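**Q** If you want the building blocks of each chain, they are given just below.
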Amino acid sequence: MATPLNLKELSKLEERFAPGHRMCAGCGAPIVVKMVMMAAQHPVVVANATGCLEVSTSIAENTSWNTPWIHTAFENAAATLAGAETMYRSLRKQGRISDDIKFIAFGGDGGTADIGLQSLSGAMERGHDMTYICYDNGAYMNTGIQRSSATPFGADTTTCPVGAQSQGKLQARKDLARIMAAHGIPYVAQASPSHWQDLMTKVRKAMDIKGPKFINIIAPCNRGWRTQMDDAIQLSRLAVETCYWPLFEIENGVTRITSLPREKKPLIDFMKPQGRFKHLFKPGNEEMLAAAQAQVDAAWERLQREQSSPIRHRD
Amino acid sequence: MTKMVAATGNEAIAHAMRLAKVDVCSAYPITPATEIMQRFTAFAADGEVQTEVLLAESEHSAMSACIGAAAAGGRVATATSSQGLALMWEMLPIASGQRLPIVMAVCNRAISAPVNIGCDHSDSMGTRDCGWIQLYSENGQEAFDNMLMAFRIAEHPEIRMPVMVCQDGFITSHSIANIQWLEADAAATFVGSYRASNPLLDIQRPASYGQLALSDTYMEYRKAHEATMGKVPGVLREVAAEFKAVSGRAYDLFESYRLEDAEIGIVVLNSAAGTTKDIIDRYRDRGIKAGLLKPRLYRPFPYDEVAQALKHLKALAVLDRSDSFGGSFGPLYLDIAGALSTCAQRPVMINKIFGLGGRDYMPEQGEHVLDELIQIAKGAPVKAAKEYIGVRG
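Residue numbers (our numbering), protein chains in the order written: chain A, 1 to 315; chain B, 316 to 708.
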């Protein structure tokens, strides 16, 4: 019997991602992880790519993981977990294990969209029964806010810094959820901790579907985004409401927008509170702002079209 | 209990993996190791093994999956060569640092550039400091035997370290030779069942693998690794004694060939040792006291035992099938020199680099080396401490 997704019942659950870790105050990632682990229900084995989440939750001889957990390297959480899941299938087949175990990988956007993309793609293609969760904070935050392929257009990072000849990142964000959907896997979703019931429902759904699943979850980083320590949830909500981070799922190739904003807010509502976009609001950068808005509009329109005339990636 | 068959070195490895009842095998194709996985996946396709095979999209992922599978709590094996081993490099110290008893067959092959698929030892020598146990094999029979013993050494409760079983790419991996199989029952009894230690799949006792160790603890982990490796020679000899009981074949840390009363000697790994033994026999027939030492356990290197076996020689040549470029010596030479460095009396040593990128090791090369050693033993000066042989210019 699944625990109802309300705060009263959820608060009674044993925490499998324990407090006392060393993630920064106000970081979005541990909020996301806590929600995922609470939603998961089943016994889970977790694999973690190298990154903020990994280093801050496993400082020897301590661990925040009250569930089996493995970290090996940066680019291979999917392959590492695929190995564990394969051993699980082997031992189940041989009757040497009887537990019903699920498998979850956590990676940041750098460890997933950049260095880990091959490993993730391989694991998805092979069809391992696992859920890969990318917590996307839009840069290499662990090493000090360097540009990743998931960094949004126009953002100031330490490796695409704003200067006399540069206005931050000049390329659009890699759309990881669509890349994963192109693998034809049974379930792909995008979620936000601001919409926690939506997020946890998607995790529950992923747990119940056999095969490879991918969920992309926005995780504000107040150090990298240069924002206040208490606005992770507010910013992730603005990301949804501006359609910068639309909430949707693609189940067996059918796209469904899971939260339609009452009114689509202008992108600057999401950008303005963030120091990484500050330079774009200076005179002369109006075209950059307009280009950022145009990218979001195009992606949002495409998503709506896909919902109304779904492309079935698999039957 | 044994059966003679004609098989390639790669087939021998695949059969050893079958007999060892590997739970998960994760690999990626690369010449000349590909045949191992082809044979093994055929066993899986025919239902001859219970193994789950994971065909990864790269060697990096293949080794990553081996690590995940081994941590999960079962027997794991893989195979690779050359660039594949190089791509795995990042994951090798992670496998050994997490004390995961993965067994990997390596078909020794040259490293690019220039690209070359022939045999030399640059690939496994480049991984010698990754904390793995390394066994070297002269022929398909030794590769088969080493592979079976590797599971026992790797999974020994005092050890729990990954093992690499190396043989010469093409020279033995693709040569058909007479090999004595162990019968399935005898092999199963010898290898035994896998006993997991802190498996990830034990959900009642959650373990965290791969934690961060800062400067206050990291060095202690490394010291523990070193101390564990120090136990390997003893365990290897125990396992070899048991193996002799079931197979009749004797193994030790290294093979000494006509070395006890020798005055000159050659140290060489893998297939070239077979050729060299023939040459030594011919020189012995002429009354020349020549001998050979063929290392088997290369990591951890049995320095004391090797020094005891070689210190009485007057002149010694170490033949390396790889090089540490630029004024240094080949890696095998450096280990032999290190082993002998504490002996008051020790042979004059020379280093020959041979057989790179599949260049044949011909009997004449070994004869020239022995002729040179005869002169050095008589007091002639060393012309070159290190020299490439069997090469133009």
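Among these hints, one or two may not hold up.
Coverage of chain B stretches by chain A, computed from C-beta distances (three or more under 8 Å per stretch; other residues unrestricted) [as the list claims (entries may be wrong)]:
hint, region
1, 336-343
2, 380-389
3, 482-488
4, 659-670
Since the hints were derived computationally from the structure, they do not count as laboratory data. Predicted model only: the values in this text are computed from it and were never measured. The beta-carbon is built from N, C-alpha and C at its ideal position, and this holds for glycine as well.
**Q** With a C-beta cutoff of 8 Å, work out whether three or more residues of the region 659-670 of chain B approach chain A closely enough for the coverage to hold.
**A** Answer violated; 0 residues pass the 8 Å Cβ test.
**Q** Establish whether the coverage given for the region 482-488 of chain B by chain A is satisfied; the threshold is a Cβ-Cβ distance below 8 Å, and no fewer than three residues must meet it.
**A** violated (count 0)
**Q** Do three or more residues from the region 380-389 of chain B put their C-beta atoms closer than 8 Å to C-beta atoms of chain A?
**A** Coverage by chain A holds for the region 380-389 of chain B (10 residues, Cβ < 8 Å).
**Q** Mind taking a look at whether chain A covers the region 336-343 of chain B? Criterion is 3 or more residues with CB to CB distance under 8 Å.
**A** holds (count 3)
Comparing the model with each numbered hint stated earlier shows that hints 3 and 4 do not hold.
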